[in-house]
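Take the sequences, apply the hints, and build the full model.
Protein chains: 4
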Amino acid sequence: MKYSFKNDYAEGAHPRILEALLRTNLQQQNGYGLDEFSLAAEQLILNLSKSPNSRVHFVSGGTQANIIVISALLRPHESVIAADSGHIFTNETGAIEATGHKVHGVPTADGKLRTDDILKVLEQHTNKPHQVKQKIVYISNATEVGTFYTKRELQDLSDFCRRYNLYLFMDGARLGNALTATGNDLTLEDVASLTDVYYLGGTKNGALLGEAIVINNTEVQDEFGFHIKQKGGMLAKGRLLGIQFHELLRDNLYFDLALHANTQAMRIKEAFQEAGCTFLSDTYTNQIFPVLTNNQIDKLSANFDFYVWKKVSEEKSAIRIITSWATVEDSVDVFIREIEEMG
Amino acid sequence: MKYSFKNDYAEGAHPRILEALLRTNLQQQNGYGLDEFSLAAEQLILNLSKSPNSRVHFVSGGTQANIIVISALLRPHESVIAADSGHIFTNETGAIEATGHKVHGVPTADGKLRTDDILKVLEQHTNKPHQVKQKIVYISNATEVGTFYTKRELQDLSDFCRRYNLYLFMDGARLGNALTATGNDLTLEDVASLTDVYYLGGTKNGALLGEAIVINNTEVQDEFGFHIKQKGGMLAKGRLLGIQFHELLRDNLYFDLALHANTQAMRIKEAFQEAGCTFLSDTYTNQIFPVLTNNQIDKLSANFDFYVWKKVSEEKSAIRIITSWATVEDSVDVFIREIEEMG
Amino acid sequence: MKYSFKNDYAEGAHPRILEALLRTNLQQQNGYGLDEFSLAAEQLILNLSKSPNSRVHFVSGGTQANIIVISALLRPHESVIAADSGHIFTNETGAIEATGHKVHGVPTADGKLRTDDILKVLEQHTNKPHQVKQKIVYISNATEVGTFYTKRELQDLSDFCRRYNLYLFMDGARLGNALTATGNDLTLEDVASLTDVYYLGGTKNGALLGEAIVINNTEVQDEFGFHIKQKGGMLAKGRLLGIQFHELLRDNLYFDLALHANTQAMRIKEAFQEAGCTFLSDTYTNQIFPVLTNNQIDKLSANFDFYVWKKVSEEKSAIRIITSWATVEDSVDVFIREIEEMG
Amino acid sequence: MKYSFKNDYAEGAHPRILEALLRTNLQQQNGYGLDEFSLAAEQLILNLSKSPNSRVHFVSGGTQANIIVISALLRPHESVIAADSGHIFTNETGAIEATGHKVHGVPTADGKLRTDDILKVLEQHTNKPHQVKQKIVYISNATEVGTFYTKRELQDLSDFCRRYNLYLFMDGARLGNALTATGNDLTLEDVASLTDVYYLGGTKNGALLGEAIVINNTEVQDEFGFHIKQKGGMLAKGRLLGIQFHELLRDNLYFDLALHANTQAMRIKEAFQEAGCTFLSDTYTNQIFPVLTNNQIDKLSANFDFYVWKKVSEEKSAIRIITSWATVEDSVDVFIREIEEMG
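Chains as they are written, first to last, in UniProt numbering: chain A, 1 to 343; chain B, 1 to 343; chain C, 1 to 343; chain D, 1 to 343.
Please keep in mind that the hints were generated in silico from the structure rather than gathered at the bench.
Treat the hints with caution; some may be incorrect.
As the list makes no split between identical chains, a pair holds if one copy fits it or if it spans any two.
[To be verified] Derived lysine-lysine pairs resembling BS3-like cross-links, with alpha carbons at most 30 Å apart:
| hint | residue 1 | residue 2 |
| --- | --- | --- |
| 1 | 310 | 2 |
| 2 | 120 | 310 |
| 3 | 311 | 299 |
| 4 | 133 | 120 |
In structure tokens, the structure reads:
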């Protein structure tokens, strides 16, 4: 059996999470997110982010979070701007459009939106009422290609959005990885103060499933539960989400797990660098995209699973390596040795 | 702390399910429902229902299952017929309409649709193309009011639907309770052969979450995954659903748990009967609706939680008692004693 | 060729409208409703209704008006309450649901909603957030069955809606007929002050096509044009609508035409009354529903076209007679004679 | 008053159309497109396009036609590919997305899609079921920038679409202009045999309003009326559309009007060419985009209205000149003289 670096959801949950589920299993709790664990987990997030007026809702997955947040915030004629590598633009089977809204996909060099990108979209849509009205800016942090936003960059986006009356929404499926990356200077508190809505990903950071949607903008908090229920995102046993986030956040576990994933990725990155490889993009989170020869790819494929991401020439392709909270250090050691010997 | 009979999702999962999650936790698996547990669980369902050409998809919850199935099957101008007590008509925040489709809510005496009810809707919609075209008949088994369909009744609906070119879709959030009810003569095999689509509920029968959608009609199986993904129903760690259904179905656990719930409900029902109570409806599954005096309700409320369901006069109301796989026999014993003494 | 009483859109436009189109035909005008005729027609409506802060938009037809208004006003989890005879509930192929919203259809005796009907719907939907939230009350005046609202009735609905934070929306496809009916005490000014939105029907009252949507509630006027464009309701040559409404409203033509239709219907009604017929409902607008024997129906069908509306017994059915601005008085004379002789 | 070259819908209808409306005005006709004029106009189109098995439906405008056709043809997870200058991508306020479907906007040099453009989109969407499935190719002929498709080009698109199981849909809001352009070698018969659906525009070619949707693919003809009604596109007085198309198509009027528009545009184009101007694109239909100095634009603006379309440098911009069936030859003469003298 090959060891897999294909994604960050190949294993189950961190053992402490399963223990918490066991420990609480037979306690009778309210359904639909009103259990005491969900309420306590909400409080932990408000405390961590120093944002007491925010509201938290737990849902099963990232696409669901995106659907619910975006459709709840927009009126029918409004649209959302995203990088064209953004998950909502390219990897959710048209989920946002299925709720009636256009997504503008903007080409970027590194998966990160900048104010100029957004401004260009606004300038191309001034023919009212014949064109959609842009209302949400969607960013992912970490991005789908492994990069992250600095505090300066997020501040710029936030200032721009407030000036142009746009909501800033951060997809944080890998927010843990972003906040623990080498070079990151952004805190959860910053995220809470600079975005209107974001979510804190659990699925890719130790949970069985679950994303914590945090609504900072108090003007869009009302009646949010209706949207969760309507879109099929409200679990009868909401405790399942509450218990997991409570366990992840009651101490530093959430960030420890993300850091572990990043560290393993950076160890592998260094090995590729020392082997003289270049990379598709310069990443510091849990995804790396080294460019290898076909021969090197064949060799590494013997014992390890990963995606061949993009052909760069007849002889070379970039591969994608993803690590996670569960990545086994010993397996990384073996992989590094094979990198050193791949020729 | 009062013991609760308010719903059948107040506890976590059956211990065997948590054990199975623990046992398999660190095995690397494919995501998005392609893990080996989901594939094995699908095979168990096909075997149990003797329906080898059916296809199975696991999703998180009932509303999600309803959204995905109905929107996948209908063209824009088509509608679905349900009892007006049906979950999709009254308890899903307009989830089906949010996908663009009308739900016709038909009044029924006992939560069960009959062919005459359906025919009446068809006859009221003959002004083409000015009225929607009915295309799905949605039934719940057990129903939202605790009743169940006999084989004869399901056969009639199925024959009718085939004659009128309608799909028959069964919401089986409590299918286990229906199939193990006293007086039931329907088998899973019958359900598979008489419906186009149904689902087997896990959330209310021992799982943390999860419903198994079973598509029997081979003409509507293609490309179903797109709809799951688009509606936010595809879990990255699909293993979570696969492992649970595999554990529930690899022996008789699923049906044992449902039977336990029914048995406890019937014990309580008998106690109310002996105390001279009448009932809102005559049920044999895990829900009962005894009519009590306000005074009796007050007394029972001291130690037990339940919903006061419907006022029937100034002095009397019906309450709703729901049992589950987790209902503790000893607590039922205490409750029965209190019923005997409620005066 | 039989003379038809089947509907009120069997002929083209009132001659003055065609003349106005001819007269202005080659004037170059702005597109999309910004032509001078549309602007002038808007002003006429504001003056007539003494509602200077209202805003007017012209669209092609009633279903389109309903789609645009309702989808513009509602957030995704909100619904609309209508009589179950309401056009949006039963005769628009699920147009409202296709924009994502549930329509609650309430049985009524005479096609008119009353506050008790609405209250009952509200009381059945208190389980937040599991049920849709009611936000619009939709009424038709005249109704689909020929009845109309008195000032008292509209005042009650308006008061109720304001108390419960609901929008009151009047479908006025036949508003002219309502306002000129015998017994009516409602004025256009009342309609403007008591509703949030209404429309003034042109299609069934002398125009080739066109409804004038009037938005009285200033809080929902913004960005309305986006919704018209998005739903396909914005005509490039908006002048076509502006010219017609300008012609209808620059003197009393609009009301004269409606009164003509009502008068002819009442003449026919009287003839049926004198012949001893009963009626399905007691109407004073341009629709009547006399109950005839099968034999009588056969006789009248020889020279006249009308719908057999509803079977009331083996021997009798109600028919529907509709008159319009174009109904020829001589043809009514002939029809009346045949009624007198139908036996 | 300046003479306007801003668009091709500034005037009313061709006089023969108004005459036809007058002539037929008081004939009683069936509603909803079942009048004898609509039926006769359908037959004329089938004859002209030698496509007896096609079906024709008349609707009010282009956006409405696009909404109805696309939403009727697609299942929820399917998408449409268009040029990024395509009307549905950029100028319909997200109308297609509002029906739930993604539009892929492809950059093109000249507003025309080619098979390579389409193939590239397909190749970027192979990650099933995580990405939408492409199902319709939408092209405009003439395009939004004045170019047209040759027979070879349409044949290539058609072959490609059939090979890849895609529907080919032609927006023919300006189809008359395309088919009468200098250099065009495509016939209406070709269009009917090479596309699955197209429409023949009336609004921009002599009618007050109206587009004739022609469905050639017999597999998607059924139940089309439901979609028209649901999307608010079914006129009660469908005769209004039928009469106009009947008049335009009973002899060569439709093509004569389009040719007139093209001829006037080409006269103006020649004048700009002789004045040494370049053009944004090389067009032969009723739109031209000459590049002028700011000074020249100012001079021409004194007596004529047109849009300044695109800034090309600090000193120069392209303007857009549109002619129509109604463009007055004398006004064009004056404009040409001013071009000659603009310096």
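Going through the hints against the structure:
Proximity of residue 310 and residue 2 under a CA criterion of 30 Å is satisfied intra-copy only: 22 Å inside one chain copy versus 57 Å between copies. In the homo-oligomer, the alpha carbons of residue 120 and residue 310 lie at most 30 Å apart both inside one protomer (28 Å) and across protomers (15 Å), since each shortest distance falls under that limit. In this homomeric assembly, residue 311 and residue 299 come within 30 Å of each other (Cα to Cα) only inside a single copy, at 17 Å, whereas the closest approach across copies is 55 Å. Proximity of residue 133 and residue 120 under a CA criterion of 30 Å is satisfied in both settings, with 13 Å inside one chain copy and 28 Å between copies.
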